[in-house]
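With chain E held as given, fit chain L onto it using these hints.
Quick mapping for you: the protein sequence lines, in order, are chains E and L.
Using this note's numbering, read the first sequence as starting at 2 and increasing by one per residue.
Using this note's numbering, read the second sequence as starting at 2 and increasing by one per residue.
Since the list can't tell identical chains apart, any single copy or any two copies may satisfy a pair.
Result set (DSS-like, lysine-lysine): computed pairs, CA atoms no more than 30 Å apart in a straight line: (1) Lys122 to Lys277; (2) Lys177 to Lys208; (3) Lys11 to Lys122; (4) Lys122 to Lys239; (5) Lys230 to Lys208; (6) Lys239 to Lys11; (7) Lys277 to Lys11; (8) Lys365 to Lys404; (9) Lys339 to Lys365.
Derived from the structure by calculation, the hints contain no laboratory data.
Protein chains: 2
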Amino acid sequence: MARINDNFLKLKAGYLFPEIGRRVAAYTEANADKASTLIRCGIGDVTEALPKAVQEAMHKAVDELGCRDTFRGYGPEQGYGFLREAIADNAFAGLDISADDIFVSDGSKCDTGNILDIFGKGNTIAVTDPVYPVYVDTNVMIGNTGEGDENGRYEGLVYLACTAENDFVPAIPKEKVDIIYLCYPNNPTGASATREQLQAWVDYALKNDAIILYDAAYEAFIQDADVPKSIYEIEGAKECALEFRSFSKNGGFTGVRCGYIVIPDSVFGSTATGEKISIKQLWSRRTSTKFNGASYPVQRGAEAVFSDAGKAEVAALVEHYMGNAALLRTACTELGLKVFGGENAPYVWVACPAGLSSWDMFDKMLSEANVVITPGSGFGAAGEGYFRISAFNSRANVEEVCKRLKALL
Amino acid sequence: MARINDNFLKLKAGYLFPEIGRRVAAYTEANADKASTLIRCGIGDVTEALPKAVQEAMHKAVDELGCRDTFRGYGPEQGYGFLREAIADNAFAGLDISADDIFVSDGSKCDTGNILDIFGKGNTIAVTDPVYPVYVDTNVMIGNTGEGDENGRYEGLVYLACTAENDFVPAIPKEKVDIIYLCYPNNPTGASATREQLQAWVDYALKNDAIILYDAAYEAFIQDADVPKSIYEIEGAKECALEFRSFSKNGGFTGVRCGYIVIPDSVFGSTATGEKISIKQLWSRRTSTKFNGASYPVQRGAEAVFSDAGKAEVAALVEHYMGNAALLRTACTELGLKVFGGENAPYVWVACPAGLSSWDMFDKMLSEANVVITPGSGFGAAGEGYFRISAFNSRANVEEVCKRLKALL
Numbered sequence: 002m003a004r005i006n007d008n009f010l011k012l013k014a015g016y017l018f019p020e021i022g023r024r025v026a027a028y029t030e031a032n033a034d035k036a037s038t039l040i041r042c043g044i045g046d047v048t049e050a051l052p053k054a055v056q057e058a059m060h061k062a063v064d065e066l067g068c069r070d071t072f073r074g075y076g077p078e079q080g081y082g083f084l085r086e087a088i089a090d091n092a093f094a095g096l097d098i099s100a101d102d103i104f105v106s107d108g109s110k111c112d113t114g115n116i117l118d119i120f121g122k123g124n125t126i127a128v129t130d131p132v133y134p135v136y137v138d139t140n141v142m143i144g145n146t147g148e149g150d151e152n153g154r155y156e157g158l159v160y161l162a163c164t165a166e167n168d169f170v171p172a173i174p175k176e177k178v179d180i181i182y183l184c185y186p187n188n189p190t191g192a193s194a195t196r197e198q199l200q201a202w203v204d205y206a207l208k209n210d211a212i213i214l215y216d217a218a219y220e221a222f223i224q225d226a227d228v229p230k231s232i233y234e235i236e237g238a239k240e241c242a243l244e245f246r247s248f249s250k251n252g253g254f255t256g257v258r259c260g261y262i263v264i265p266d267s268v269f270g271s272t273a274t275g276e277k278i279s280i281k282q283l284w285s286r287r288t289s290t291k292f293n294g295a296s297y298p299v300q301r302g303a304e305a306v307f308s309d310a311g312k313a314e315v316a317a318l319v320e321h322y323m324g325n326a327a328l329l330r331t332a333c334t335e336l337g338l339k340v341f342g343g344e345n346a347p348y349v350w351v352a353c354p355a356g357l358s359s360w361d362m363f364d365k366m367l368s369e370a371n372v373v374i375t376p377g378s379g380f381g382a383a384g385e386g387y388f389r390i391s392a393f394n395s396r397a398n399v400e401e402v403c404k405r406l407k408a409l410l
Numbered sequence: 002m003a004r005i006n007d008n009f010l011k012l013k014a015g016y017l018f019p020e021i022g023r024r025v026a027a028y029t030e031a032n033a034d035k036a037s038t039l040i041r042c043g044i045g046d047v048t049e050a051l052p053k054a055v056q057e058a059m060h061k062a063v064d065e066l067g068c069r070d071t072f073r074g075y076g077p078e079q080g081y082g083f084l085r086e087a088i089a090d091n092a093f094a095g096l097d098i099s100a101d102d103i104f105v106s107d108g109s110k111c112d113t114g115n116i117l118d119i120f121g122k123g124n125t126i127a128v129t130d131p132v133y134p135v136y137v138d139t140n141v142m143i144g145n146t147g148e149g150d151e152n153g154r155y156e157g158l159v160y161l162a163c164t165a166e167n168d169f170v171p172a173i174p175k176e177k178v179d180i181i182y183l184c185y186p187n188n189p190t191g192a193s194a195t196r197e198q199l200q201a202w203v204d205y206a207l208k209n210d211a212i213i214l215y216d217a218a219y220e221a222f223i224q225d226a227d228v229p230k231s232i233y234e235i236e237g238a239k240e241c242a243l244e245f246r247s248f249s250k251n252g253g254f255t256g257v258r259c260g261y262i263v264i265p266d267s268v269f270g271s272t273a274t275g276e277k278i279s280i281k282q283l284w285s286r287r288t289s290t291k292f293n294g295a296s297y298p299v300q301r302g303a304e305a306v307f308s309d310a311g312k313a314e315v316a317a318l319v320e321h322y323m324g325n326a327a328l329l330r331t332a333c334t335e336l337g338l339k340v341f342g343g344e345n346a347p348y349v350w351v352a353c354p355a356g357l358s359s360w361d362m363f364d365k366m367l368s369e370a371n372v373v374i375t376p377g378s379g380f381g382a383a384g385e386g387y388f389r390i391s392a393f394n395s396r397a398n399v400e401e402v403c404k405r406l407k408a409l410l
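Isolated chain E (complex conformation) (with noise of 0.2 Å):
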């Protein structure tokens, strides 16, 4: 019989969000009467239009898809040049990137998990706690891991935990690790990192030759001029990070799919023998073979989020999630509870109420509030004894939840 990857079978429970979803479920089914005004703000998806500049790009492209003169059909599995070279001018201006260095997806969920095929067995594999539960489940599948503890820990990952006391941003490792994931604005902390931590962690993977994996897909949330945008504003990331970023949560794009990782040319990585390979080499042949390109309308979409008025609708947009992440700081907050992140990033970190676990709290808030969160412990060990709050609503949603909670506590 064929042989399947055995590996599967370590991963615990399921994927936090279905398992929250089955709850939900399971409780909209039993309290029919609730679920017209059940509030969600547990899974960080987007609630508002997508913006009139990306509408329009994208009618504009299957209109050139509808004429036969205008028609294209495979494009590069790197994705367009129009699109890189935007993204290169824009989101990169005076970092030194180069279209060349942008490979254009269908989302950072796939290239997080993607990545591992260019990565071989045998690297010490770091990411934080809490964490995208993503970077730990694709490295359980792909075999870098040993078996799971009751906690949902893998044996031979590395886990740095992010905590109160260090603000969230893990301290550099005593010992040496190989690839290092990091989240920052954090998913699921709303942390951000400053330059000062950043540069710490990127002159450990210089001297360590390890390289960072930094996912930057809430950079668009980023308010305090201070906080670093993209890794490659710290000197010497160009030799050891790699950055993935998103058209999911400036864009809105969720449902319409597009991200992009960028890797520099002068990143590398080693074979068994010693012998120095460039990441964007192997990333490159891994695309061409196993991707066929972004959908063409897609892409011509998040074209238009760089455009002027594609720029001014994103803004917009950040300033009204950014004005719910506000308010649910402060009701947070004179409940008396320990409120972090929502300042840089569109996610509120609560403290549970004492003698609440997290799982206590998302169903105290389902069954007493009707509201939707997420229990800090789905994403790792440390994160127990917190819950996370999606900012991603509409205003009267936010400030209804803000009611409910001061009903609640």
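Same frame as chain E, but now just chain L:
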């Protein structure tokens, strides 16, 4: 230093189509005067406009995303119910395939590569020769092979020769294999498999507990009512086969991007300890962890392929391309060449004139006829001495290719 996946270094020269692209670019640079009359019959990329029904559905979906009340963010990773149901009801009517068996993706190239994530090490894997290069290269990349030889054959793979003698449908192997890639209508040979031939393969798979990965990306081009359009028309296939389908060639989605895999509940693999595990369960987990669903407007476009208007337009496109194939067949036959395929597939597979290798013929056609074809040897050692002409083109271009062939030979 982070270790790379050394298997990538086993890959030969580069994927076939980039190599063709390189030669064509060098030629057009040296012969700028001929660039405007160059005719491309190389890569199997559609040329005609996207069906109106698809355009309308995509426009409507973009408008939905442009309105807060009808906005959709993250969709189900496995695809929207509306599309999975349309596929089950239309593409598999009467075959007892349910919406739940369908996993929608951004294309078949991705699917045929990604499916290897869920299989383990130690499987004996069979591919045809000639073969769609993605099957081989993705097995190399994931470590399922040894080194390649000078013919591009990799140690550890079982190659099933497809020759004029066996009508390009391989004989059942004497040895036991665990996973078999079959593609009918075939890329590159244009051959189709009869019911009896497929039944023999399914019987072999059931007897040997093997899994068939059946690529039916070209099923829309089948003209002969006796040729099976799906592997599930074959008794027993639901216990041993996955089927890969695409909207690329019927709906003209090569730039729009949508495909799907069919995985019935009754296909199983085995763990190291012999436990039977559902392939669907594994793929579902892989999909929810490493994918975020195909683009919503794209899924609405794909749904429209099954509308009455969409079906009529697809039928007209197929008739157009198959009319091209008939002209190419006739022209080559009249020149005394041995001609295969092109009757149930949009590819015509032709034996090279005596004394010419596949790449000789490629270079001759490029430099003397200003026409791009695909060298058969690019698909495997058994493809040497053949070339493939794609029927995806305008009628005028195909007529011109026929003229130039006659002038050349």
